[in-house]
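A.B. asks: Work out the full structure, taking the sequences as your base and the hints as a guide.
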Amino acid sequence: MRKRIVGIFLVSIMLLFVLAGCGTKSQKDVVTDLGNKLDKMEGYKTNALLTFKQGKKNQTYQAEIWFKKPSYYRVVLSDMKKQNTQMILRNKEGVYVLTPQLNKTYKFDSNWPNNRSQAYLFQSLANDIMNDADSTFTSKNNQYIFKTKTSYQTKELANQQITLKKDLTPTSVKVMDKDMNVVVDVTFKNFQVDPKLSTSDFNVKENMTTSSLEKSQSTSGKVASSTSFEVAYPTIKLEGTKMKEMKSVTTGGSKKFILRYSGKKPYTLIESQSQVMSTSSPVQVSGEPVNMGSGVATLGENSLTWSHGGTDYYLVSDKLTDQEMQDVARSVAGKVEK
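In our numbering, the protein residues as written are 220 to 557.
Hints listed in this document are in silico derivations from the structure and should not be mistaken for laboratory results. No residue lacks a Cβ here, since even glycine has one placed at the ideal position from N, Cα and C. Treat the hints with caution; some may be incorrect.
Now the in silico label distances, taken between C-beta atoms and shown as ranges [unchecked claim]: (1) T498 to Q273: 34 to 44 Å; (2) G313 to K359: 41 to 51 Å; (3) K368 to E458: 19 to 29 Å; (4) E261 to K384: 15 to 25 Å; (5) N361 to T498: 49 to 59 Å; (6) T540 to K276: 13 to 23 Å; (7) S290 to K484: 29 to 39 Å; (8) T498 to S290: 20 to 30 Å; (9) Q362 to N521: 40 to 50 Å; (10) P414 to M299: 17 to 27 Å; (11) N521 to N361: 42 to 52 Å.
C.D. replies: See below:
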């Protein structure tokens with residue numbers, strides 16, 4: 220009788236090990252499942268918090284993200300008070316950036332978002348995982364954690380840690396520099412697979428006139444803010460770089476501030492007061508749309524252009540990297556938390 224009990228016990232233990240083994244997926248299994256999920260998914264909706272880190276200072280913004288196959292995107296960006304709203308749209312006509320407060324629409328000749336990694340888009344994260352043969356993988360706490368390389372066009376954003384739920388939807392992303400310091404931290408909320416979406420949800424005109432995004436200012440020529448127009452200084456400290464001069468100029472009745480910085484990383488920043496446009500007809504621009512968290516910037520050759528809080532900014536430098544220009548821009552616009 221005792222031998223029989225021991226035998227039953229050993230069989231039970233072996234069965235538990237077999238069942239446990241069946242429930243553990245390898246990295247290859249998870250990557251295969253992720254590819255299948257991406258193929259079958261018709262669309263998704265999610266909200267995300269994007270935190271940009273500069274040393275001990277953090278800037279956090281909100282993003283509402285919609286996607287519909289084959290390549291329709293709608294990304295609404297705003298600060299934590301849901302002000303200064305901007306939107307990136309991609310539909311069959313192209314890629315657009317909308318600023319409802321200014322009644323401005325820009326059309327880009329761009330392959331966005333497929334031209335580089337996008338930490339807030341599920342497709343980009345899945346592709347980074349599937350395309351990195353040297354990625355590392357951990358399964359714990361009902362989550363899958365991947366560490367992969369990125370496809371950003373800069374060494375300053377070289378690595379990322381992507382955390383997925385067991386259903387393979389994302390929960391968080393940490394984008395790191397070459398020294399493994401976290402530069403961008405993304406947290407996803409309410410990830411909804413295959414929601415009801417139509418192509419009209421990605422229409423430029425409909426999104427410009429949506430009451431939830433449109434602000435009350437619509438008169439041509441009026442400034443975008445009732446507050447006085449004042450100079451804004453970058454708070455970032457670039458090694459070997461200091462302010463050379465700041466001057467204000469008035470041309471055509473419009474006031475501008477010109478800030479010049481000299482040293483190892485020289486740059487010039489021009490600030491002018493935003494104007495509300497009389498028409499929202501798309502204006503063709505060259506460059507690439509860049510998610511700044513606080514809004515969308517246009518990244519050109521040695522330049523960065525953006526609007527925030529009633530001010531238009533133009534940053535130019537042949538010494539700053541693309542990432543450094545974005546770091547300077549973020550230090551000008553947006554609330555910085557220590």
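A.B. asks: Against each hint, give a clear statement of whether it holds in the structure.
C.D. replies: Hint check results:
Checked against the given bound of 34 to 44 Å, the beta carbons of T498 and Q273, roughly 37 Å apart, stay inside it. Range check, G313 to K359: Cβ separation about 42 Å, and the 41 to 51 Å hint holds. In this structure the hint that K368 and E458 lie 19 to 29 Å apart at CB holds, the actual value being about 27 Å. Roughly 19 Å separates the CB atoms of E261 and K384, a value that falls within the hinted 15 to 25 Å.
Judged by the Cβ atoms, the range 49 to 59 Å given for N361 and T498 holds: they are separated by roughly 52 Å. Our hint of 13 to 23 Å for T540 and K276 holds, since their Cβ atoms are close to 20 Å apart. Roughly 37 Å separates the CB atoms of S290 and K484, a value that falls within the hinted 29 to 39 Å. T498 and S290 have their C-beta atoms about 27 Å apart, which keeps the hinted 20 to 30 Å range intact.
A C-beta distance of roughly 41 Å is found between Q362 and N521, which places it inside the suggested range of 40 to 50 Å. P414 and M299 have their C-beta atoms about 25 Å apart, which keeps the hinted 17 to 27 Å range intact. Against the hinted window of 42 to 52 Å, the Cβ-Cβ separation of N521 and N361 comes to about 47 Å, which satisfies the hint.
No hint from the list above goes unmet by this structure.
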